[in-house]
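**Q** Using the hints, put the two standalone chains together into the complex.
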Amino acid sequence: MSRVILQTHDLTVRFGGHVAVDHVSCAFKTGELTAIVGPNGAGKTTYFNLISGQIPISEGRVELNGRDITRASVSQRCDLGIGRAFQLTNLFPNLTVLENVRLVIQQRAKLGFSFFSMADSHSEITDRALSVLDKVKLFSLKDQAVSALSHGNQRKLEVAMLIALDPAVYMFDEPTAGMSVDEAPVVLDLIAELKAEKDRTILLVEHKMDVIRTLADRIIVLHNGALAADGDPAEVMASDVVQEAYMGKELTDV
Amino acid sequence: MIVKLLSGDTPRSKILGAILLMILVALALAPFLFPGIRSVDTAARICVFILLVASYDLMLGYGGIVSFAHTMFFGMGAYGVALASTHMGRGYDALIVGAVAGAVLAAVVAFLIGLFSLRVRAIFFAMITLAVASAVAVLVSQLSGLTGGEDGLNYQIPRELTPAFKFGGEVMGVKLNGKLLNYYLVFGGSLILFLVLLRIVNSPFGRVLQAIRENDFRAESVGYRVVNYRTAATCISAAVAALAGSLYAIWLRYVGPDTVLSFEIMVDILLMVVIGGMGTMYGAVIGATVLVVAQNYLQELMEVASNSVEGVPLLPQLLDADRWLLWLGILFILSVYFFPTGVVGRLRAGK
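Chains as they are written, first to last, in full-length UniProt numbering: chain R, 1 to 254; chain Y, 1 to 351.
Same shape as in the complex, but just chain Y (with noise of 0.2 Å):
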């Protein structure tokens, strides 16, 4: 049964299971674990970037295509959600226009730019989406009379969803509210969305995608057609992208040029598929963790330990809390130089 659910494409290392499991039970009982607005929401943003990634390494991992335009479907999504919203008012019917809106949107850009620059050589890809996601974050951010510009939008989902809705009394000392619900709707809607593409990775289609990135040539001569396969692939990454972004959205009742289509958004899917492990999708699980959980509580875990060694001198200032990008930096440089595979790929080679 759960072998089916992974589509036959289990952990393999019994290290890498038990952390993957640990991961699982840690999300699915956040808000009880984790009791705190600030530790639920490190608990969506991870749920919803473990989508993210796991949709881009679709694209990077298993297709071998580079794409620098992830953020831009994920806010592709996150804005079809908001302004569904805005202008449809608050309602399940808008969440679902704006979410479909947006994947279609996303799928479709995909499939023109897929067009015009996958028959060509990969770097003119990467070229084309970097310059199309700058046009589209410029456009976002001046287009202020449908986007809010910089300020972004602020709309309202069904009460259902929100912390005003009360049903029941307590649980572990946890308040049963909406934002409880809409917590197990961020998590359920990326755990399916997760299952399904690593359906997607493990199918017949998924094997061409890895031979392509294998050797592309050969999978011409062997009768694939390699053009339609990548652009397949993009557009399908593509929809996913969007749809964690209407998840983020509606968990956030808020998008912004910033929170969603931020060039430091890509750095960071980058970083956390390239962490994790490319053409893994368990590696997506594992980079956004780790980066997640380091982006908001590394600054913490600086602080005390910076307290701690006082009266040494040196210490206290390298491990300030105002330092905690550079240690953010070196954390990755020694991830990249030491598990050059990914967590995932060491721990399977490892086995």
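For reference, chain R alone in the conformation it holds in the complex (with noise of 0.2 Å):
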């Protein structure tokens, strides 16, 4: 059941100079829900846009499945099953909430290059976009420009176009950033319920340690681009390097 999906071997990502992410190797597993944490610039954005490809890679090896996708395009990681939620939100503003899962649904569905259909006349397609807007409590926002949602509504579409794309990987980085204390739990539960369908791998970059807690399986602290921790959350959290360097001040204050 457990078997290791995605694997990082010796990660490495140079700026010039500097080393942002320096020779990560870990393995993650379906069903496995696995928290990244520490403290700001600690290169856990990076981490992730390594593995979904939004970066090149200076050294190391990204695995899926056993295929190396290292050289893989951001376009090809997504059809391999890579899917990926942004951090600060990265939507196609002028077009409908619809529209914009619709998009997803329908690059699944191979429907890009389909010239003369009506793209409202797939109905199998819309009634997908909108069960999954219903979950994530956008339907009756359907029909307007996403540029003209709140902060909070734009997050959770930003989780909705993932569920819609329905990866084999789920990548979340900082879902909930800027959400009110209301709106945070339709995403919370989310995730939640994403977990409990067992053969979903989810990378979950986050802050609040109450989230951490409650959710993960497993926890890797990153500290300056390496791997600090990783383990067990009671474990990690418990243990003296992680305690001193980020819980003290970092984690548990947000």
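Calculated directly from the structure, the hints in this document are not laboratory data.
Given the structure is predicted, the values throughout are model-derived calculations rather than measurements.
Beta-carbon label-pair distances, calculated as ranges:
id, chain 1, residue 1, chain 2, residue 2, range
1, R, S121, Y, E303, 50 to 56 Å
2, R, S121, Y, V309, 54 to 60 Å
3, Y, R119, R, S180, 40 to 46 Å
4, R, N94, Y, Y92, 40 to 46 Å
Glycine included, every Cβ here is placed at the ideal spot set by N, Cα and C.
**A** Take a look at the structure:
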């Protein structure tokens, strides 16, 4: 059941002389939710960018299902099963909410090069998009332009897009950042729900310790781009090095 | 039915709908409503430019791709018909071969340019198209043995499409001749291809283009290979531009660098798409109509205006017919200033 799906070997990236991610080797198993923690600037988002392909890798390898995807393009990785939600909201602002989600589902259905059918006529795609919007409680806003949405709703849509993509590996980059107290649970419940469906692999960058405590099966800690700790949540949180370096200031007080 | 023909993309503004309907009716009945060689010629030019600008809008307004080679594709279609008619002799086969060859060549050239330059920054694509288009324009004017050089080519088209062919007498005082058939070929061809373009922008492919225009980074990360979509859009746009050129060549029975390849046409296309409204398709209709009519009739209008204010100081000089370009320029600046989203964008927002 728990087999390794995603693996990074000595994953490294340098920006000039600065090593942003430093030889990180880590394996992620199916059905596991891994929280990635560390202070700001530790390289969490950069690590994500290397896995999903937004930044070219300087050294090391990424493997998905045993296949080397180190040189694969972003869209190829997406096709192979790596899905990503972004920390800074990154949507199609002048299209409607429904259109944003539908674009994702349409890609999965390989309809992008359909020239003469009407986009609105693919009812199975529209229906799926609507059901995803219903899940994230954005159904009533489906015909709004994304640019008119509140920040919290844009964050929800960001998550909805990833759910619509339904990848083998879900990557959430601070999904609740900037959300209000009553909005955040909607997103967290969704992640918990995804986790309950056993074969989903979830990577989660998150600052809020209570979130991590309830959701994470495992924690990895990045510090100055390097892997500082990796293991069971209770164990990692209790370990001296982590307590001293991060829990004291960065993590508990957020 | 109508909604279906428009691919569900209705004007979404009563005023816009009324204006579009007016233009459609005026163009459909142009030979009867505005008889006269010059006015029918203007109407045919409007049809061709609507199609040409709409094809450009597919690329710029939907795909966010800036190209300066659109006249080159237009010219390929026009020269295709001209060369085929010159070498194959007058006949429909020559028209069809010429139009198809022009469209295929345009698509292939667009594909090659796209392959080499669309992977990198958008500005690079724009520069390459500019360079290739200039090179082709120079080449056409230099290869006078093949293209007729600066003089261009005159050629024969099937007799049924020329004024010499008469069928029946007169309707509403208009002689039923081949020129009339030719006009309806241009009108019908433009209308059908316009509707095809409207369908394409409302297809799943069209949605991907819009997504890429909005945020190419995100489009890539949900799995769309952006360069492939941009290249496809460029090819379709180029092929349709070439077909517009073919229709124009059939209408004029003449091609020359100034009529189908000059950079001024490229500037006109840009102005039409911006004035009408980018990314709307209907903007092409409005932009092309306004600009072509202004280019053809502003001069006369000013002459009249100039004469009517003869006694007043300064005004007659300002309104002199020779100043028409100045006023056209002012018209552009004002329209871009007051309608940054084009006429269509303004009308839709104000509904």
